[in-house]
Amino acid sequence: MNRSSDSRMEAACSLLAKSKRRYVLYQLVDDRAAHIEDLVTQVAAWDAGEPVDRIDDETRQRTYVSLVHNHLPRLADYDIIDYDLRSGDIVLAEGFEDIQPLLEQFRQTEEDPELRARPAL
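Note that full-length UniProt numbering gives residue 52 to position 52 of the sequence shown, counting from 1, and the numbers run on in steps of one.
Rather than coming from a laboratory, the hints here were simulated on the basis of the structure. Note that the structure is a prediction, hence the values are computed from the model and not measured. Check each hint, because a few of them may be wrong.
Have a look at the derived ranges for each label pair, beta carbon to beta carbon [what the hints assert, rightly or not]:
#1 10 to 38: 14 to 20 Å
#2 51 to 18: 21 to 27 Å
#3 97 to 48: 18 to 24 Å
#4 48 to 98: 25 to 31 Å
#5 8 to 51: 36 to 42 Å
#6 118 to 18: 14 to 20 Å
#7 60 to 111: 33 to 39 Å
Built from N, CA and C at the ideal position, the CB exists for glycine as well.
Let's have the full structure, built from the sequences with the hints guiding it.
See the structure below:
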């Protein structure tokens with residue numbers, strides 16, 4: 001393996017090391033697109049280990065800020081997603097295919113049985 005493929009693998013592992021980024025991608029895999037509000041609610045629920053209907057506004061707001069100011073830009077920088085905060089639309093981008101096998105490995109080892117039970121990516 002050469003140096004550039006080593007650095008690409010390190011970047012992919014670094015991106016997927018954060019659970020909120022993986023949760024974003026798990027949700028997007030189903031439809032390849034989502035609205036920010038729906039995504040925030042589901043990511044907050046998985047992050048808190050609670051059902052969606054038990055996520056309060058404060059938790060939702062913290063998750064929104066974290067996604068908008070950290071996780072979505074990082075995923076977009078690597079061409080994993082495209083997003084438009086004005087419309088709230090988030091879609092998988094071409095670069096997702098490069099990390100899909102690694103994401104599937106992460107999914108199989110998630111603590112939450114709901115995530116492990118999701119269909120293969």
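Hints, verified against the model:
In this structure the hint that residue 10 and residue 38 lie 14 to 20 Å apart at CB is violated, the actual value being about 31 Å. With their beta carbons about 22 Å apart, residue 51 and residue 18 fall inside the hinted range of 21 to 27 Å. A beta carbon spacing of about 30 Å between residue 97 and residue 48 contradicts the range 18 to 24 Å that was offered as a hint. A C-beta distance of roughly 30 Å is found between residue 48 and residue 98, which places it inside the suggested range of 25 to 31 Å.
Taken as a hint, the range 36 to 42 Å holds for the pair residue 8 and residue 51, whose Cβ atoms sit roughly 37 Å apart. At roughly 18 Å, the beta carbons of residue 118 and residue 18 sit within the given window of 14 to 20 Å. One distance hint, 33 to 39 Å for the beta-carbon pair residue 60 and residue 111, is violated here, with the actual separation near 22 Å.
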